[in-house]
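Q: In case you want the letters, here they are:
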Amino acid sequence: MTRFAMVIDTKTCIGCGDCVVACKTENRVPDGLNRDWIVEATQGKYPQLTTEFRSERCNHCSNATCVTLCPTGASHHWKGTNIVLVDPDMCTGCKACIAACPYDARLVMHPDGYVDKCTFCHHRVEEGLDPACVSSCPTRCMHFGSLDDTGSEVSRLLKTRQYKVLKPETGNEPNVYYLV
Amino acid sequence: MKEELFVTARGNALIDPSLHIWTWEVAMYLFLGGLTAGIMVFAAYIAIARKDEEAPFAATRLALLAPIALSLGMTTLFLDLEHKLFVFRFYTAFKVLSPMSWGAWILIVIYPVSILQILSTLRAGYPQVSPYVDRFSIGKQLLDWCEAYRRQIAMVAIPFGIALGIYTGILLSAFSARPFWNSGVLGPLFLVSGLSTAAALVALVARKHSEKVLFTRIDLVLIAAELALVALFIVNLASGTEQQLIALDSIMSGPYTLVFWVLFVGVGLLVPLVLELLEIRGFARRVAIVAPVLVLLGGYVLRQVMIDIGQESSWTRYDTQYNAELLQRLHD
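So the sequences go chain by chain: G and R. Residue numbering for the first sequence is 1 to 180, as defined by our numbering. Residue numbering for the second sequence is 1 to 332, as defined by our numbering.
In isolation and in its complexed conformation, chain G is listed as follows (with noise of 0.2 Å):
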């Protein structure tokens, strides 16, 4: 499985929430509807607090649940890669997916009926250009590339920095990883 992953250094995000306007209007996000947000955790005890910001979507995990759950085969691995894509035309609408994230980052994209989710702009990374949000991002917090390619900016930020994924304990393998 080629791993594409996506590493966010929460060390400088600001939150602005860039990425979520580039999704948005890349991807046509209807109104009320984000396949990205971000979220702001503050820990700790006034005045010794501590802030973290993280922008969160699908974490394309390499044990989707969602794509085992999924009775007609619609949630599915992209090509061979860790990228979870919902195809409309097989989704009954069921919502099993949607039930079945740990995350809670799939959405009933309406009027039409089916389940989306963001897709880490595949159509992008086929042209060999960033997600939306990556590309966008004024802090340049954002990374995207191929585990697989231990020379490529992700493994290398993996390899000297710190970092975690979001509620690894599910078994899901996540690969959105936060740079702490």
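Zero decoy hints are in this set.
According to the in silico footprint, chain G covers these stretches of chain R (three or more CB under 8 Å from chain G):
hint : region
1    : 12-23
2    : 90-99
3    : 165-177
Honestly, the hints are just simulated from the structure, not real lab data. This one's a predicted model, so the numbers in the text were calculated from it and none came from an experiment. Just so it is clear, CB atoms sit at the ideal spot from N, CA and C, and this is done for glycine as well.
Using the hints, position chain R against chain G.
A: Just chain R, lined up with the frame of chain G:
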């Protein structure tokens, strides 16, 4: 302190503020699916145990209710689909690891088995209808064949009925992302509950006293088993992960405590248990209609409560004050 807030607005329909993708349609389907399973199993049991004399309704007429209940259930399930025109896609694939895919195919197999079961007692149970089938030579041959092989058909109906009943629970328990559902006890619990509702249905509808007594007895055992499984389910969650402990809180000291303990365990299990015990000893005959009605109600409440709590239980929790309705103002 740990606080996780949305910085950008997120009010994704069906997901925020907590998951609410499935409502009464799915609960009703799970209830009717379980009921269908029980109907098939009991119609088959009477045939195999040769209890036609003792339970004439279950022996000859009950089986007809299976495809009716199942079709109603599949209708509500269909209502739940968001992409209805693509419903046929359930049958262009078989996904071994998806219980929902198993379920879709089990439903397809259930129909012919159930119809053979009906035909095997059609002449005895529905003499008004059987002449219309007997009129055609192929219909007559079919009825003859089904009657001759009634017990063999029953032996096939039992495993398929059990598969249908247990899959409705496994369907939910397979969602590792929903801590409240993530218990292996759910399959047996839904199966036993389905069997119990079917036994209650027979006790409610049957006319013959011996049949009412037989199915009240069966129901008593099933209610006791269901209580034990509910206890195991709670032990399972209580000894589980942090997420499961949080999920369990919703029935121990949270918003669902009352509906779970009073409506499901109390009204749906304990009250009918006591009433049925009294009935068997010859008391409370005049209110014999109450216990089976409560069992049927309890069967539905179980599904509805499971559906509601399971969806709310999650690995992900954000504090959000975002109000999706504000977006509407952009258009006004």
